[in-house]
Amino acid sequence: MSGSGSGKNDKTPNMELEMRFSDHFRARRCVLGLPLALSAALVAAMAQAEEITVLLPGGGYPASVIEEFTAETGIEVDQQTLAWDQLHTRIITALVAGTAPADVIELDWSWVGQFGAAGWLEPLDDVLDPSALEQVSVLPIFQAGGKTLGAPYNNDFKMMVVNTAHLEKAGITAPPTTVDELLAAGRAVKEAGITEHPFGLPLSVGEATSTAWYLITMMYGGDLFDADGNPAFTDPESGGYKALEFIRTAVEEGLIDPASTAYGNPEVREAFKAGDISFILSDGPGPLSTYNDPEKSAIAGQSAASVVPNVSGETRTYGLPEALAVPSASGSKDAAVKFINFVMSKEMQENVYTLDGTLPTRKDALADLNAAGTLESGDAIVAQVGAVGPLFDGGTPPWYPPFSNAAAAAVNAVAIGQMSVDEAVASIARAAEDARAEY
Amino acid sequence: MSTPDAALAPPFAAEVPKPGLLQRVSSDAGLGIVLALPVVILMAAFVFVPVALTAWDSFHRVTPMLPGEPFVGFRNYTRMLSDPAVRNAWWNTWFYVAAAVSLELVLGLGAALLLNGMKHGRRWLLAAVILPWALPPVVNAMVWSWIYNPHYGLLNGLLMRFGLIGEARVWMNDQASALICVTLVHVWRMMPLNAVILLAALQTIPRELYEAAEVDGAGRLKTLRLVTLPLISGALGIALTQSTITAFNIFDEAWILAKASALTRPIQGQIYMTAFQDLKFSYGMAMSITVMLVSILVSSVYVLRIYRETRFD
Chain S
0 MSGSGSGKND KTPNMELEMR FSDHFRARRC VLGLPLALSA ALVAAMAQAE EITVLLPGGG
60 YPASVIEEFT AETGIEVDQQ TLAWDQLHTR IITALVAGTA PADVIELDWS WVGQFGAAGW
120 LEPLDDVLDP SALEQVSVLP IFQAGGKTLG APYNNDFKMM VVNTAHLEKA GITAPPTTVD
180 ELLAAGRAVK EAGITEHPFG LPLSVGEATS TAWYLITMMY GGDLFDADGN PAFTDPESGG
240 YKALEFIRTA VEEGLIDPAS TAYGNPEVRE AFKAGDISFI LSDGPGPLST YNDPEKSAIA
300 GQSAASVVPN VSGETRTYGL PEALAVPSAS GSKDAAVKFI NFVMSKEMQE NVYTLDGTLP
360 TRKDALADLN AAGTLESGDA IVAQVGAVGP LFDGGTPPWY PPFSNAAAAA VNAVAIGQMS
420 VDEAVASIAR AAEDARAEY
Chain Z
0 MSTPDAALAP PFAAEVPKPG LLQRVSSDAG LGIVLALPVV ILMAAFVFVP VALTAWDSFH
60 RVTPMLPGEP FVGFRNYTRM LSDPAVRNAW WNTWFYVAAA VSLELVLGLG AALLLNGMKH
120 GRRWLLAAVI LPWALPPVVN AMVWSWIYNP HYGLLNGLLM RFGLIGEARV WMNDQASALI
180 CVTLVHVWRM MPLNAVILLA ALQTIPRELY EAAEVDGAGR LKTLRLVTLP LISGALGIAL
240 TQSTITAFNI FDEAWILAKA SALTRPIQGQ IYMTAFQDLK FSYGMAMSIT VMLVSILVSS
300 VYVLRIYRET RFD
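In the order they appear, the protein sequences are chains S and Z.
For the first sequence, numbering that gives the first Met the number 0 begins at 0 and goes up steadily by one.
For the second sequence, numbering that gives the first Met the number 0 begins at 0 and goes up steadily by one.
Please keep in mind that the hints were generated in silico from the structure rather than gathered at the bench.
Treat each hint with caution, since some may be false.
As the list claims (entries may be wrong) - Quick partial rundown of chain Z residues pointing at chain S, CB under 8 Å, derived from the structure:
id : residue
1  : Val71
2  : Val169
3  : Val293
Claimed, not checked - Restraint-style ranges between C-beta atoms, simulated for each label pair:
id : chain 1 : residue 1 : chain 2 : residue 2 : range
4  : Z       : Arg78     : S       : Glu133    : 54 to 60 Å
5  : S       : Gly97     : Z       : Ala51     : 16 to 22 Å
6  : Z       : Gly165    : S       : Ala436    : 58 to 64 Å
7  : S       : Thr98     : Z       : Ala51     : 21 to 27 Å
8  : Z       : Arg78     : S       : Pro235    : 41 to 47 Å
9  : S       : Ala425    : Z       : Arg219    : 35 to 41 Å
10 : Z       : Val46     : S       : Ala436    : 48 to 54 Å
11 : S       : Thr80     : Z       : Ile295    : 54 to 60 Å
12 : Z       : Pro49     : S       : Glu252    : 34 to 40 Å
Nothing here was measured: the structure is a model prediction, and the numbers come from that model.
A virtual CB, placed ideally from N, CA and C, is assigned to each residue, including glycine.
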């Protein structure tokens, strides 16, 4: 009925039917075509704007650095950050499953042996900018099996940080340079009532605690292992043994807060920023800018880096730098390498130091910053840099994590009073031998 | 005319068609199978197959840093017996299980009885009781870590104000107090679930039974022992089972409050360190399988008890 008898047009019913079908299909084509066109545009846009993911601890790279990289290369960066404690687990679980946790990932010095043995990372020898290879002295720490697995971006090494105002109040004119002076300074600060517990030292069962013990071992001129790879900390005259005695004495005298047995580095640093402690015995140069930032610290302008005290007249320390690495499972290796080369340039390392205090790994960038007077505690850092050595001569071994866990557990047990120093060194030595026997 | 054989045959036997797929599905049994199938598939994919693979891998050496995955038999299991860290973690875990299950049951029953007896405001109090259970375990543990803090914590503050301690204590530096502190946080989080389970059971008990008991001269304790507890024994079994399993799985509370300290480290913490820090996956898997078997064994005691109490025959 409709149409044919309406008299509004002269089309036959068949023609009208055809037109209605035709309109219908046109409308359907539009409806179907629109998403297809949008999808095509999206695919084209995605093809144009390559994206990589970057997984780093803490705050990662400042937003301005990421934006500059994208503007220069057209590669978008999805930067994900995690607290340090969760980072290792997040990376490991993805790598074990044969996937890439991100295209660029954090590689800590202590993971090199494990990751290298597992073959999870892409060698960077042939793709890193040659200037980075020449200028970065800590590069060997990230080599395993003759291949470079990471590009060091954070020149972390152990040194002491002091509150100069607290020392001044206690009548101490210069930071202590020997272990005896250190103990005397701590006692003087405590007796003067400036801080109840002058020394900040992480003592929980974690990496921060074992690395602190290694540093105090070096303060006493000791090493962890002898030339044959045997534990060198079991003798009562050894540095490692004396380091444990130092920790026990400092806790017993109240120089170290007994609550430090639940502290990692973040808690110690918060206490320092609040003015509750006067020395961080085992810190690095990186956080100095934060300590002296009035927006983040109650002791801004009072903190300074100081060379590691010693017993021999010669300061010693070790490097624990962090690097950027590319998982073998990454689907955007070329773009990931571009990002690494971008942030490893001299200009960008200097820029990042100015923005967030990450100490450059390039010698030329460090020299520039020191010459410009922008390197906080520059003289102390330069003095300490010369005394930085590797913790393990042959690179971090794959058995390092169980050894580190055992060391941290023993230090924690000594601090709590659950173990004697003799028992602690014996348990660390046993754990080291067991761990080494497996590899 | 029909033949004699045909007369003996059941009526319409030849004409009854075989049920089609749709009919078979729409029958009660078929419908039941269809409805259960998604759960069976999901359970197989996410529980049974992973458990079987984990058990299989636990008999091998699975360490990404070493080549190959050779069969090692029961070595990962026998190794646990001589590992002091594992023994210590088991000791801590048994403490958590014994203390947490007892406290959660007693306090959960107390809360359920209190709520059941309330005539006004029950829903508000129930909401308040449930709150700790509704919060993520990490948040709970963080809150309690502030309460236990030796410098500014509420616990030290209260105890010092009432003269019960002379100076602030570091609760996590002594094994007894550390284990108790961790247990209390876990109990605070899990007790509400027991309270809800038991409250639901209490509300099914007919009022007439209490009236009859009262007429017979039963006091409150006798009524609880002879009327209430037998009638909620099924719910008690469920509460015991869930408390036991969650106590065997304690991790967040111990980790947040004392990190990896050996004083409080539960077996789940030991598994985490073994598998994800030391990368000894198969050894960690052997520990996981052991925990699973032990918790099933302990829980099966309650489950069998419930079965005996509630079966229809």
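Hint check:
no.: 1; hint: Val71; result: 12 Å, violated
no.: 2; hint: Val169; result: 5 Å, holds
no.: 3; hint: Val293; result: 24 Å, violated
no.: 4; hint: Arg78/Z / Glu133/S: 54 to 60 Å; result: 47 Å, violated
no.: 5; hint: Gly97/S / Ala51/Z: 16 to 22 Å; result: 20 Å, holds
no.: 6; hint: Gly165/Z / Ala436/S: 58 to 64 Å; result: 49 Å, violated
no.: 7; hint: Thr98/S / Ala51/Z: 21 to 27 Å; result: 23 Å, holds
no.: 8; hint: Arg78/Z / Pro235/S: 41 to 47 Å; result: 32 Å, violated
no.: 9; hint: Ala425/S / Arg219/Z: 35 to 41 Å; result: 59 Å, violated
no.: 10; hint: Val46/Z / Ala436/S: 48 to 54 Å; result: 36 Å, violated
no.: 11; hint: Thr80/S / Ile295/Z: 54 to 60 Å; result: 40 Å, violated
no.: 12; hint: Pro49/Z / Glu252/S: 34 to 40 Å; result: 52 Å, violated
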